[in-house]
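Engineer: Take a look at the letters that make up each chain.
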Amino acid sequence: MTQTGRISFREDPNPELRDGELRDGQASSSGHDHASTPLLDIQDLDVTFTTSAGPVPAVRGANLTVYPGQTVAIVGESGSGKSTTAMAISQLLPRNGAITGGRIEFQGTDIAAADRKQILALRGSEIGLVPQDPMSNLNPLWRVGFQIKEALVANGIAKGKEADRRVVELLAEAGLPDPERRANQFPHEFSGGMRQRALIAMGLAARPSLLIADEPTSALDVTVQRQILDHLDHLTDSLDVAVLLITHDLGLAAERAQHLVVMYRGHVVESGPALQLLQDPQHAYTQRLIAAAPSLSSRRLVSQRERARTRQDAEKAARARDPLPGRHDDGDDVIVAENLTRVFSIRGRAPWEKPTPFTAVDDVSFRLRRGTTTAIVGESGSGKSTVAQMVLKLLEPTSGQVRFDGRDLAQMSSKELFELRRRVQPIFQNPYGTIDPTYSIFRTVEEPLRLHGIGTRRERVARVRDLLDKVALPTGVMDRYPNELSGGQRQRVAIARALALEPEVVVCDEAVSALDVLVQAQVLELLNDLQSELGLSYIFITHDLAVVRQIADDVLVMEQGRVVEHAPTEQVFTDPQQEYTRRLLDAIPGRSIELAGSRILGDLEEAQAPTTDSMVSEDEQEQAVRGPIASEGEDPYTTGGVV
Amino acid sequence: MSRSPDTLPGQHHYVAPSNEVPLRAVDAVDTEAEPRSLWGEAWHSLIRNPIFIIAGIMIAFILLVALLPGLFTDNDPKFCELRNSYGGPQAGHPFGFDQQGCDVYARVIHGARASVSVGVLTTIGVVLLGGAIGAIAGYFGGWFDSILSRVTDIFFAIPLVLGAIVVMQLFREHAGVVLLVSVMVVFGWTSIARIARSSVMSVKNAEFVTAATALGAGRTTNLVKHILPNAVAPVIVTATVNLGVYIVVEATLSFLGVGLPDSTVSWGVDISKAQSALRDRPTLLFYPAGALAITVLSFIMMGDAVRDVLDPKAKKR
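Those protein sequence lines, which keep their order, are chains H and E.
Using numbering that gives the first Met the number 0, read the first sequence as starting at 0 and increasing by one per residue.
Using numbering that gives the first Met the number 0, read the second sequence as starting at 0 and increasing by one per residue.
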């Protein structure tokens, strides 16, 4: 206990609680005989950014220790300082960022204040880096092999022919088939996963003793993510490289790392052995995070009984309306898609070449029952968003039809279509793109009302107020502009706008995918509450199966334009029929870990409470977080009600 | 202190004291700060930019001179006495006299109006014509865009000055501000059209436009209410910089004798006249040329400052 004496330990309230399990977990995940001296020891690290508004602390007093061959994960939301901490190690901070305190000991020497030459000697050869975005981190003008060779030459590992041979070996090692040919290709000929493999090959080219992997797979599809992480694990294990994994995904971190460091607003709020942290989180923030992680929790947010009532209410409301003439009888199904097919033509490589047809959606049929949620799940390129666009009539199907309330969308007159716009609403993925940056929040939410000529100005103001209240935003945001709101808040504004016309169906196209875990949980809760309150039916497009379990009743799994599986949610999760579905399920990180989170969520289910009206002050919230969970049926950190 | 045999020094279960980092409400809204629109935000950073302030003061001064030259001189720029020919500076005539014996200071002051009005009117004309053509081409696309884009290309291929010389030569007897501005608009709208087209094309695929369509907004509503306000920034930037360029073109044409008629008081005309005496009296060229340079510089600086706030990609780091 010499160097680490500075770190303040807290008495573990029940030390023997999970020691046994912990040992097992540790033993299985790390087969190494760790050396007793740390490879990397960060003490009281401070990083400050200088901005036009003055100095902004990004990391405050962070402590972190990595032993040789170990995998350590830093977990946190965007802006928590996790990437900044990692970048500070090899001094890759942006120009306005600087280390303003603390020590970074790497192999026993302090490199926090090392000069350029020393750092250059460490980069690549001792500290490798796998960056986040495989799309922008390879130079599109150079062949992939050349770029890896650069890493070899720069670190004096190999030269000339020898280096070329190493490049092929490295690519093969990174799991790329046919490495000789691949080395001679350009980045645009690689898929995202292949690029990330090439970057891993590059990061490990000089056999560093520490590999910093900054969200290495966040931009990739889940199945690819799993393959790559498995491979990375295997590779770093056999090479005995320590890995510092930066991730926002607690489940992924717990699955891959032996030691976890949780960061929040620049501080390390909790750190410790992975399983112990997950199963017995001590800090309020860690508890919050675990409760919100969709990959870890595993149940529908609302109980079955509640769901059935919602459905019946919606059906009753629909029956009360006058049936439209020329209406197909679809019973209680509000949307019916039959044999939907959409073919795009892709331009040939040369002007004289014929365009090739590309079937994005191939013979897709499904039904959406009133008051329920149907999720369409698939990886990028599966055609799920194209289906959504056709349901919204933003795109015409090549063949097949979509019926809304028994009417074929294709045969609707422009008047009927205008009416349809009122009853079917979309919520899009990108919170930064989905609302007009030049519109105030009031104007944004008011727009649908004005377009459809609803109410006088005063009535519309009242309605906007009411809608903002529904999505738990204070009326104070009415005069504000989108650039002043966070992603989650913008998404809530988008939801308010979608609800303005009292639609029956809301199509959510990756509506929560771009949000941080906690915010994502909050928005999902909100969508759920609104469903039971207003009897909405959702089509929920997502790539994330974990989210599906929280919100959907039925699941449609799509692969390359086709539906491979269509079943009730529980059935898909407990008894998947297709190999592809099984692979998707297996790829959910941290699924096998049994932890505190599922208990918290289970309690929540029993204590359903309307959440949109709860305005909780910070102090009250503190208490609620620390106090027994769900004691008053009001759980501020997982509800959409906190402002 | 709890130590399990597996944890290594520095890797014990550590929990920060909960008062060290108080938890914030998830995604709290800052209701304290002053609400600020995108344009408000741009203005906020503009008025903190010294270049904008300098350029703004200079432009305000130039506009004042152009509008009310009488505030700065009592002398008539067209009142010339040959006995003053090439006379040096004297009281009331700080810049001296030119060959015809006209007061150089008065001519520089009164010349501002011609230059500024040609620059401003041409910019307005170019933005209206080029902006409309570019926006329509970009928004409707297809064969409509193909035709408009080819027309733009044809006009783009004709250099502004060359085209203006030819046409101005043809209509020499009608020379004046109106003709000059129309000719410059006809040959100058292409740059704005191209920018407006690409800007509209990038905005029209934004999700908020799709969202508005799904809310029931028609094509025209979308174009006017969503696309144009979001596409106008690059057009403003280019137009501001171009304003300076148009003033230069006016001076060039006047210098060549095909711009404003000799009877008009304009910097280009004066520069043209001064060149004959360049060797003996370089100051005669210096004053109108200096006024021209300062004016053009002010507008280009203004354009740069505006670009910095409206187009973050071009911002130098």
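None of these hints come from the bench; they were simulated from the model.
One or more hints might be untrue.
Claimed, not checked - Distance condition first, Cα-Cα at most 27 Å in a straight line; then the derived DSS-like pairs of lysine-lysine:
1. H/414 / H/392
2. H/414 / E/272
3. H/158 / H/315
4. E/272 / E/77
5. H/315 / H/469
6. E/272 / H/392
Engineer: Look at each hint and say if it fits the structure.
Structural biologist: Verification of the supplied hints:
1. A distance of roughly 14 Å separates the Cα atoms of residue 414 of chain H and residue 392 of chain H; the hinted pair therefore holds under the 27 Å criterion.
2. Straight-line distance between C-alpha atoms of residue 414 of chain H and residue 272 of chain E comes to about 69 Å, which puts the hinted pair past the 27 Å bound.
3. A distance of roughly 76 Å separates the Cα atoms of residue 158 of chain H and residue 315 of chain H; the hinted pair therefore is violated under the 27 Å criterion.
4. Proposed proximity of residue 272 of chain E and residue 77 of chain E is supported: the alpha carbons are some 14 Å apart, at most 27 Å.
5. This hinted pair checks out: residue 315 of chain H and residue 469 of chain H have alpha carbons roughly 23 Å apart, not beyond 27 Å.
6. For the hint linking residue 272 of chain E to residue 392 of chain H, the alpha-carbon distance of about 68 Å lies beyond 27 Å, and the restraint is violated.
Violated hints, listed in ascending order, are 2, 3, 6; each of the other numbered hints is respected by the structure.
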